[in-house]
Amino acid sequence: MGELRIRKLIFKSSRKEARLRRPKAAFLSSSGVAALLACLLVTGACGGNEAPAPLSAAPLPLPTPPPRSKPSEPRPLINGQPSPEAVAKRFLEYLAGNDVKAIQSLRLTKREFCEYVWPELPASQVPNLTCDWAWEQATLKSDGGLGELLSPHGGMRYELVQVRFAGGVEEHYTFRIHKDTRLTLKDRNGTRKEVKILGSMLELDGKYKLFSFVSD
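All residue numbers for the sequence shown refer to our numbering, where the first residue is 3 and numbers rise by one.
Hints were generated in silico from the structure; no laboratory data involved.
The structure displayed is predicted, hence computed values, not measured ones.
Careful: at least some of the hints might be erroneous.
Derived DSBU-like pairs: lysine-lysine, alpha-carbon spacing no greater than 35 Å straight-line [as the list claims (entries may be wrong)]: (1) K143 x K72; (2) K103 x K195; (3) K103 x K188; (4) K188 x K198; (5) K188 x K112; (6) K195 x K181; (7) K143 x K91; (8) K198 x K143; (9) K72 x K209.
I would like the entire structure built from these sequences, with the hints used as guidance.
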């Protein structure tokens, strides 16, 4: 066997051993990343039972973040609303005017997400997964969702009848997530219908904002 061929075999063997020694729990499969993003984009949270599976054979739950005490002073939410109904009414007002910038103001800012929400999400404990990356991916999906809802609904005037959360409420240390937002609307003909055109809502210190414009 030639010397060059021997060197190639040694190189391949060393690479294989390095992959075997690599800690698998720190890396997620493509399907795992997709599942993780779905949690972040829609609900803003990824519970331990819904954690994406690492590349190892046995799925491992995400670690639980350390407990946090509620701040003594209310944390500011830019353009935060006093109730889910107030968020929905503002949204419908901006939607009727096709005011994209105003609609986007109803969503969490990067600072609010990374400072208030991210530390309490199990996803924050995933090695090598940063809030910057999660926010960037969430924003791309949210902007896409906003574009999709503006096409059929932009410029339309609706009257809000009811807001309900079909997915219930998810409790965290210092905030709540109201999941699977459903709006019952009345159009100008008086026809009522329930629609899913918003993502879940964050409740923090008595104020409400949207996680995204990706419907559950």
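#### Entry: Structure versus earlier hints - violations, ascending order
Per hint list: zero violations.
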